[in-house]
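Participant: Take these sequences, add in the hints, and give me the full structure.
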Amino acid sequence: MKAVVTRVRSASVVVDDSVVGSIPDSDVGGLLVLIGVATGDTSATARAMAEKLARLRIFEGSTADGRPTEVSALDVDAPMLVVSQFTLMGDTSHGRRPSWSAAAKPAEAEPIFNACVEELRDRGLSVDTGVFGAYMAVESVNDGPFTVLVDIPSGDRS
Numbered sequence: 009m010k011a012v013v014t015r016v017r018s019a020s021v022v023v024d025d026s027v028v029g030s031i032p033d034s035d036v037g038g039l040l041v042l043i044g045v046a047t048g049d050t051s052a053t054a055r056a057m058a059e060k061l062a063r064l065r066i067f068e069g070s071t072a073d074g075r076p077t078e079v080s081a082l083d084v085d086a087p088m089l090v091v092s093q094f095t096l097m098g099d100t101s102h103g104r105r106p107s108w109s110a111a112a113k114p115a116e117a118e119p120i121f122n123a124c125v126e127e128l129r130d131r132g133l134s135v136d137t138g139v140f141g142a143y144m145a146v147e148s149v150n151d152g153p154f155t156v157l158v159d160i161p162s163g164d165r166s
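Taking this note's numbering, the leading residue of the sequence shown gets 9, the next gets one more, and so forth.
Calculated from the structure, these hints are not laboratory results. Just so you know, not all the hints are guaranteed correct.
What the hints assert, rightly or not - The calculated DSS-like cross-link candidates involving lysine-lysine, where the alpha carbons are at most 27 Å apart (straight line), are: (1) K60 with K113; (2) K113 with K10; (3) K10 with K60.
Facilitator: So this is what it looks like as structure tokens:
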């Protein structure tokens, strides 16, 4: 499972001219997370990804005595907008046309994607999503910009 995680000031996802998920503009902002599910990913992979995303220390904060530190979405109650994106699994190492062989088929990927979203919610995070498998328009106002890649190998339980 792969994720592109972007710290944003605001974000939204639109399907058929309707906003289906968003992060409202705020001082804290939130995380726009694009997730690709690989063949072989399991609920354990989804759980490991959710744990990593919830505790990823990429927000600015401070300690009780005022020293700067990095804190997680969990620490600052930052919302997440999580969007499925099978194209993250594209392999461009041969030729000019990406291969999608590493991407899980929709019937396999959707329950794993949903499990990751539920794991995030179970940790107390506010999570909006796009519509799995739909054509979506995603808009965001990046903060920083600050974007990281997270890769959890299939079956990883760490």
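Participant: Does the alpha-carbon distance linking K10 and K60 stay inside the 27 Å limit?
Facilitator: Measuring from Cα to Cα gives roughly 11 Å; hence the hint holds.
Participant: Within a Cα-Cα threshold of 27 Å, do K113 and K10 meet the stated pairing?
Facilitator: 15 Å, holds
Participant: Please verify whether K60 and K113 have alpha carbons no more than 27 Å apart.
Facilitator: Given pair K60, K113 holds - Cα atoms ~24 Å apart, limit 27 Å.
Consistency note: the structure conflicts with none of the earlier hints.
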